[in-house]
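S.K.: Use the sequences and the hints to build the structure in full.
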Amino acid sequence: MIPYLLTLNNFMCYRGELPPLQLDGLHVACLSGENGAGKSALLDAITWALWGKARLPDDDLIAQGEQEMRVELWFVLGGQRYRIIRSRQRGKTTRNGRISAGKSTVDFHLWAIDTGEGRWRAIGETSINETDSLIERVLHMRYETFINASFLLQGRADEFTRKTPGDRKQVLAEILDLGDYEVLEQRARDRRKLFEDQLRALDGQIEMLAPEAAKAEYYAEQVAAAEAVATSRSAALEAAQTQQQQADEHVRALHEQRKRRKELELMLRDLQAAQQGQQREMEKLRSTIAQDEAIVAREASIQVGMAELVQAQHVLAHLEGLRPRYDDLHEQRRHFQDLLKDELRKLRSEQDGLQREVERLTAALAQRPTLEQRLATAEQRLTQLEPIAHAVQRLREQRSTLDGQISQAHSLLRQHSDQRRTIEQQRHTLTTQASEQQRTIERLQRQLGDVPRWQAELTQAQAQQQQAAELSDRLTTMRARDQQTAEAVGKLQANQERLQQQAEELKQRYALLGAEATHCPLCGNGLGDAGLARVHEHYETELNDLRQQYGTALATEKARRDEIDTLRRDMKKLEKQLEQARQQAARVEGLTQQLAHATAWQAEHTTAQATLQHLQQQLEADDYATDARAALATLEQQLSALFPEQASIASDWTRALEQLEQRRADLDGQQRSLEQQLEQRPTLLSETTTCRHQLDQLTQTAAELPQVQARLATLSRTIDENNFAHDIRREGRTIEAALTELGYTPAVYDTARASVTALEHWAAEERVLEQARHRVESNHKLLDREQTLFNHRANEITTRQQEQQQLDLALRALPGAEQQARAWAAQVQEQHHLIRVAANELYERRKRLDWAQQAAEQLAQKQASRKMLAERHGTFSELADAFGKKGVQAMLIETAIPEIEREANRLLGRITDNRMHLAFEMQRTTKKGTTSETLDITIADALGTRPYDAFSGGEAMRINFAIRVALSRLLAGRAGASLETLVIDEGFGALDAEGRERLVEAITSVQNDFKRILIITHIDELKDRFPARIEITKTPDGSRWALM
154 MIPYLLTLNN
164 FMCYRGELPP
174 LQLDGLHVAC
184 LSGENGAGKS
194 ALLDAITWAL
204 WGKARLPDDD
214 LIAQGEQEMR
224 VELWFVLGGQ
234 RYRIIRSRQR
244 GKTTRNGRIS
254 AGKSTVDFHL
264 WAIDTGEGRW
274 RAIGETSINE
284 TDSLIERVLH
294 MRYETFINAS
304 FLLQGRADEF
314 TRKTPGDRKQ
324 VLAEILDLGD
334 YEVLEQRARD
344 RRKLFEDQLR
354 ALDGQIEMLA
364 PEAAKAEYYA
374 EQVAAAEAVA
384 TSRSAALEAA
394 QTQQQQADEH
404 VRALHEQRKR
414 RKELELMLRD
424 LQAAQQGQQR
434 EMEKLRSTIA
444 QDEAIVAREA
454 SIQVGMAELV
464 QAQHVLAHLE
474 GLRPRYDDLH
484 EQRRHFQDLL
494 KDELRKLRSE
504 QDGLQREVER
514 LTAALAQRPT
524 LEQRLATAEQ
534 RLTQLEPIAH
544 AVQRLREQRS
554 TLDGQISQAH
564 SLLRQHSDQR
574 RTIEQQRHTL
584 TTQASEQQRT
594 IERLQRQLGD
604 VPRWQAELTQ
614 AQAQQQQAAE
624 LSDRLTTMRA
634 RDQQTAEAVG
644 KLQANQERLQ
654 QQAEELKQRY
664 ALLGAEATHC
674 PLCGNGLGDA
684 GLARVHEHYE
694 TELNDLRQQY
704 GTALATEKAR
714 RDEIDTLRRD
724 MKKLEKQLEQ
734 ARQQAARVEG
744 LTQQLAHATA
754 WQAEHTTAQA
764 TLQHLQQQLE
774 ADDYATDARA
784 ALATLEQQLS
794 ALFPEQASIA
804 SDWTRALEQL
814 EQRRADLDGQ
824 QRSLEQQLEQ
834 RPTLLSETTT
844 CRHQLDQLTQ
854 TAAELPQVQA
864 RLATLSRTID
874 ENNFAHDIRR
884 EGRTIEAALT
894 ELGYTPAVYD
904 TARASVTALE
914 HWAAEERVLE
924 QARHRVESNH
934 KLLDREQTLF
944 NHRANEITTR
954 QQEQQQLDLA
964 LRALPGAEQQ
974 ARAWAAQVQE
984 QHHLIRVAAN
994 ELYERRKRLD
1004 WAQQAAEQLA
1014 QKQASRKMLA
1024 ERHGTFSELA
1034 DAFGKKGVQA
1044 MLIETAIPEI
1054 EREANRLLGR
1064 ITDNRMHLAF
1074 EMQRTTKKGT
1084 TSETLDITIA
1094 DALGTRPYDA
1104 FSGGEAMRIN
1114 FAIRVALSRL
1124 LAGRAGASLE
1134 TLVIDEGFGA
1144 LDAEGRERLV
1154 EAITSVQNDF
1164 KRILIITHID
1174 ELKDRFPARI
1184 EITKTPDGSR
1194 WALM
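Going by my numbering, the first residue of the sequence shown is number 154, and it counts up by one from there.
Just so you know, the hints here were simulated from the structure itself, not pulled from any lab data. Do not take every clue at face value.
What the hints assert, rightly or not - The calculated lysine to any residue pairs, modelled on SDA-like cross-linking and capped at a C-alpha distance of 25 Å, are:
1) 934 x 426
2) 256 x 236
3) 729 x 1174
4) 437 x 919
5) 644 x 1180
6) 206 x 298
7) 726 x 642
8) 494 x 893
9) 206 x 243
10) 316 x 1040
11) 1039 x 1081
12) 1176 x 723
13) 1039 x 320
14) 256 x 218
15) 1164 x 1189
16) 245 x 208
17) 1164 x 273
18) 415 x 439
19) 415 x 919
20) 1020 x 365
21) 245 x 210
What the hints assert, rightly or not - Using C-beta positions, here's what the derived DEER-type ranges look like:
22) 219 x 1095: 40 to 46 Å
23) 722 x 661: 40 to 46 Å
24) 219 x 340: 39 to 45 Å
25) 349 x 373: 34 to 40 Å
26) 340 x 661: 55 to 61 Å
27) 218 x 733: 35 to 41 Å
28) 434 x 457: 36 to 42 Å
29) 613 x 637: 32 to 38 Å
30) 218 x 272: 44 to 50 Å
31) 1027 x 1172: 57 to 63 Å
32) 940 x 413: 28 to 34 Å
All C-beta atoms in this analysis are idealised placements derived from N, C-alpha and C, irrespective of residue type, glycine included.
M.R.: Okay, structure coming up:
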């Protein structure tokens, strides 16, 4: 996998929309920047885009204050281009204060060429998990494999080589991701421990069950004996139960007869009662027949009465035909009578009204003396209250004057207090401002005291800044020379390899020319002796020439290397001087800002002193709150005028105000006392007015009374003489004549109706006669049936009485039968008791037998389970050993060691010009002569074979680097992926200048083995040692990158 474009939006420290980071075309690049700038965050972005994993949880990767992040990564794998876009939204806060789960998305695309044009085609699955699985299958690598294979993290190489041989296997197991086998080993051990616990438990159960299972045969004999006893007891019980059943049957038969005896007694009682009731019914029938025959005997008289009834009904029907005309004439007469009554009612109503008016006027005239007396009394009482009313009016005027004075005094005193408070507040404000100015002056004096020192330090820092610029230029020149010299060394090394290869080829061709060779081994032409000699001479000449060129190149390389060493020592000195100069020069900006602030502080100090002096003068001269002071003087003059007897002191004015309020309270008391006496005055005034009005009305009444009396006399004569409604009286007389001519009166009608009513009983008697005639016949038949039933019931009573006598004779044997039944019941109960005893004994013995049999079954089951558990215990013991460090892990490590060794030696030979060769020793011989497992590292060079601990500095660094890259290649190969990208974060700050140089050389030597190499560092002198650089800077708006 080779990344070639990365786009970030709000990822960790990279805020906002940033331009894409173009990695395409970069082979070896340095990722530089200050600590915390965001170098490692770019690597987190790559892993998060590919696998959705990084060093932090998803929501912690979103930039602070942002809600969503997005990462887009383009990469090449197997010649095919891919694109992954992964985004994440923060969870939102719900109403109840909880934070909901965030939301992630991922898109996976493939660059496809259709009809000559390329486009991105989506190949992702429907869910995030499925898409992540697809990406992992495409990469042939998991997240953990990638960070262990492609990332050379700080300390990981030393972690392997610097540990003891015993710990190296553990480190190698972690790098090779053998932790799963440790998990499997622990699981096997846990299962083995579980089976051990189960075996111990089963052994205890088997030990407990074995003795009880051995008693099964004995318990079976005990059960057989108990069963024989129970069988004999059951036979005795059956015999006793048979005898008891027979006795009980005899007793039940006698009880049934006794029950039948009681039923017969009740039956006879009911039959006799029914016979008596039937006899009474027969007597009633005979009486009814006699009454009905008497009614039939009166048939002739009933027919005469019915003829008279029919005649009376005809007369009543004729009168009812005249009744509508009578009702109409009667209604007209009533109407005219009502009209006449209405006229009379009106006259009498008018008469009554005049009579009441006369009585009222007469009664009113009788009240004149009383009214005159009431008027005189009220006027006398009002004359007595007049002085009191004048006194109340004077009190009210005095209280109004006091109210005005008190209100004015309250207002003036409140304003006086407000003005004094305003003056005090103004004084407090000026005092506070003066204190604040004093503190400001003291603070500025302390700050201005450092100005001379800052000026001297600024001069010194500016000089160091100039020196740092000169040193940086010199160091840049020296680095360029160092780079050129290093490149020359590389070319010389390549030339030496070429000369060695040419020499080897010449040696091989020379070896083909034996002493007896007659033809050229290359072209096949004949040589002859002279030709063979010329060829030998030619090869010797070329070999000597190659040796001379190789020696010259080797000497030149040594001279170049000596030049590089000298140059780098000088560079190291310059770097230290430059670092010191930059530390001093870094203070220029701060000191300049401080001195600029000092100018402002001096101006602020002068202003503060002037302000403090002005405030102090105001306080000493009371030159503040002028308006409030003038208003206070005016208020005091007004208060002095209001209270001339009091001094110009607020407390005296307050006491004077209290005296005024007390005086007002005294006046209120006097006023309330007098007003209580005046409470009758409104009533008396109303009384005089009413009396005068009523007397005036009585004068008018005296004039009206004679007129009303004359009208009353005239109306009374009209009523007494019926001298009114003459038309109505004439119409009434006409209607009375028509009524007389009709011949119908209510009295005649009532007489005819009474005759019909008096004769109507003959209709009822006729109906009764008809009913009696029918009842006589039916009752005779009913009487005959009742007589027959009576005779039958008498016979039944005789039969039942005879049966009762027979039952009484049989029931004499009941007491003896009951006694015999009780005896057999006691015998059965005894047999039941004996059977229960035998059954309990049988139950207990069977229970013991069952438990013994169950124990035997359980024993067999437990023994079978123990056998199975023992087999599984052995299996998991073998698995624990197989998954352990001496099992599969050791085999995998032994298998991986040769591959690591080959790859490490390939890289180490390239780095050291094949001057070093390492080997892993898996076993070693102890002092006792035995063989033990180990993982030692030995290195062979020109001085011989030595252990790893004998090397240090650049040599150890080269060994570490070769082993670490070999481990990465092994890990990637095991995952089925090719290692094309390498990220190195080995902590250059922990190396000295020589170590850093050796590491740079090692990286340069392996650069052709990788398509893309990224080196992370924050050290300035290493930034320019690589062909390309990605500079990371941290700004207030987030981190930014720049490709240099």
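S.K.: Against the earlier hints, flag every one the structure doesn't satisfy and list their numbers going up.
M.R.: Per hint list: 15, 18, 19, 22, 30 violated.
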